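> Starting from the known structure of chain A, fit chain B onto it as the hints suggest.
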Amino acid sequence: MADKSLKKDQVKNLLNKIAQSNQLIAPILSDGITLFKPVQSGEGVVLDYQNAVVPPKDFFFPQSEKMFSYDMSDPSWAIKPEEGVPNRVLFGARPCDVKSILLLDKVFDAEFRDDFYIDKRNKTTIVAISCNDCRHTCFCGAFGISPGKAEGADLLLTDLGDRYLVEVLTDKGETLAANCSDLFSNDDGSGAAAKEKATAPALEKQMKIDLEGVKAKLDNMFDHPMWAAESLRCIGCGTCTFVCPTCHCFDIVDFNNQSSVGYRYRCADSCQFANFTRAAGGHQPRPSKMERTRQRFMHKLRYFVDRYGDFGCVGCGRCLEKCPVNLDIAQIINKVKEVG
Amino acid sequence: MCDCKTREVASPLLPHIATINKVIDETSNIKTFQVAFDEPGVLENFGNMPGQCCMLSILGVGESMISITSSPTRKGMLEFSIVKVGRLTDAIHELGEGDKMAIRGPYGNNFPYEMMKGKNLLIIAGGIGLAPVRSLIDYALDNRDDYGRVDIVYGARSTDLLCFKYDVFDKWPKVKDTHVHVTIDREEENWNGHVGFVPSYVEELAFSAENTIAVTCGPPIMIKFVLQALEKMGFKDEDIITTLEMNMRCGIGKCGRCNIGEKYICVDGPVFNLSQIKKLPPEF
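For the record, the sequence lines run as chains A and B. Our numbering puts the first residue of the first sequence at 1, with every later residue one more than the last. Our numbering puts the first residue of the second sequence at 341, with every later residue one more than the last.
Just so you know, not all the hints are guaranteed correct.
[Unchecked claim] Calculated cross-link-like contacts (lysine-lysine; reagent style DSS-like; alpha-carbon spacing at most 30 Å):
(1) Lys149/A with Lys208/A
(2) Lys149/A with Lys120/A
(3) Lys106/A with Lys619/B
(4) Lys217/A with Lys564/B
(5) Lys215/A with Lys619/B
(6) Lys618/B with Lys289/A
(7) Lys37/A with Lys8/A
(8) Lys440/B with Lys66/A
(9) Lys335/A with Lys618/B
(10) Lys7/A with Lys123/A
(11) Lys619/B with Lys335/A
(12) Lys415/B with Lys80/A
(13) Lys322/A with Lys337/A
(14) Lys66/A with Lys335/A
(15) Lys106/A with Lys172/A
(16) Lys215/A with Lys440/B
(17) Lys106/A with Lys618/B
(18) Lys337/A with Lys516/B
(19) Lys66/A with Lys514/B
(20) Lys457/B with Lys516/B
No lab work stands behind these hints: they were computed from the structure. Here the structure is a predicted model, which is why all the values come from computation and not from measurement.
Extracted from the complex, chain A is given alone in its bound form:
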């Protein structure tokens, strides 16, 4: 489908229309911070934000999610899986966060398919929005991500001042665009060039991190003293993994409130916590902060590459910004190149 154009005063109408037949998830300002939330209409949706504090990963892999309920007073224990989600549109995701969903696909849609994730993934249309500006912590370019491209999105919007350029990237995107065709006009052919100009600052201003040779160096750095040195200031809070769009570790817990009826849920967990790897009987392969710090960086920059053929980081910069002690993956990358 050819590129479309959407006048800025039509955005709210577009969101309202989408919300009529889908669950709409979009960035809103909540207590002064930008977060993705389910919304009833286009009211309050912000599209000029730089990035949400927490990635939209939550709508595919929630912080906490019921898996099934049970009743142990029933002879069969009455295990009943949770119902799936309605059709949804995730509106306004940034290119780095969209890429992170492709990385999560490699984890959840491989070997054993994770049906909780896949149900949400299949029923969600992703409308991405290009970045015209970036935060001081952004470095998506290091991972081949571009502020004006959104591999994995179904539709891509780019702010061109008075209008949005609308690119249809997939069949899912085409269906959504066709349903809202009365709000779009055809792009007059100036969109592509205008987009390049509009997204250039985000590319120029972002941190330049070069990953050349980093993976090869890390292959031989398991015993390197830098991990002990870097881990000294870590306080083990797990914030980096909480805000990370690619972290996918979880725990599985039963809740029964002291009765026969209960449910099993899973919730995000973190490799930065000691109990993560501590087994019954006391076996603990990662007993100190050194091992846990090393695991996080090694997993993203070496193990994920070996297993899935891509880095487990998208350069969104959230962990750089939120880490209370500035344990910074961009600095780690530079350090590896220096000392490795």
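Structure of chain B alone, referenced to chain A:
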């Protein structure tokens, strides 16, 4: 009854309910539970192979990865030998015949029983470490003509800590060309067998590495010295097989707990040969 539509939504994280048919006291803190699934057809289609594991749970208490100790050649049931070591296993030890547990699986890879055909097997186990390799031993003995000589070296700290005594002393030694060598760590009254640690006993027995696959499972310290002994005896890394253990939650390579390097022990393991283990970061 099976509602296949619902199961599709949540499998493979959704458990099946099984009933305990038999409980065997192995030692003061190890019990073997023989179970069968309530739902018809589940066990028949389970497809477990020697060395694989299951997630066992009591809903409301927790869930844990336990190796299947029975061979798939023994039909109509699964067996799990469980050490009482934490919250869930404490609760499982309270269960008796007719009680239920929730089981999902089977997970993980398996002992390379196809590759082992035509070869001699040297099985070396300590304590509860006999449980996972028992599935392989019974598989080989039930297909006796497919395998060469079978040697089983089994040890524990004392006689009351030996598991599967009915197999070790009664069943296995009676099978043709099958030799069981039992040892305990310290002298004991009424014990006429070998006394000493497993690794040194293995060296003493001086097995030939010729056309032989060695499989070892037991406490980490035993495995460490058994591996050294086997290397000394001329076994190639590819012919030395052991299992790795990590804390696990999902069993399907997603939750991240059992990640070592690029591997997830729950899907790529628990069975590895020494050559594969040497390539992993030493973090287990």
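> It remains to establish, for every hint, whether it holds in the given structure.
Comparing the hints with the structure gives:
1. Lys149/A with Lys208/A: 18 Å, holds
2. Lys149/A with Lys120/A: 23 Å, holds
3. Lys106/A with Lys619/B: Holds: lysine 106/A and lysine 619/B sit about 23 Å apart, inside 30 Å.
4. Lys217/A with Lys564/B: 29 Å, holds
5. Lys215/A with Lys619/B: 16 Å, holds
6. Lys618/B with Lys289/A: 24 Å, holds
7. Lys37/A with Lys8/A: 21 Å, holds
8. Lys440/B with Lys66/A: Holds: lysine 440/B and lysine 66/A sit about 23 Å apart, inside 30 Å.
9. Lys335/A with Lys618/B: 27 Å, holds
10. Lys7/A with Lys123/A: 27 Å, holds
11. Lys619/B with Lys335/A: Cα-Cα ~25 Å, so holds.
12. Lys415/B with Lys80/A: Cα-Cα ~29 Å, so holds.
13. Lys322/A with Lys337/A: Roughly 24 Å between the alpha carbons, so the hint for lysine 322/A and lysine 337/A holds.
14. Lys66/A with Lys335/A: At roughly 41 Å apart (the allowed maximum being 30 Å), lysine 335/A and lysine 66/A break the hint.
15. Lys106/A with Lys172/A: Given that 30 Å is the threshold and the Cα spacing comes to 20 Å, the pair holds.
16. Lys215/A with Lys440/B: Roughly 48 Å between the alpha carbons, so the hint for lysine 215/A and lysine 440/B is violated.
17. Lys106/A with Lys618/B: 26 Å, holds
18. Lys337/A with Lys516/B: 60 Å, violated
19. Lys66/A with Lys514/B: 52 Å, violated
20. Lys457/B with Lys516/B: Given that 30 Å is the threshold and the Cα spacing comes to 16 Å, the pair holds.
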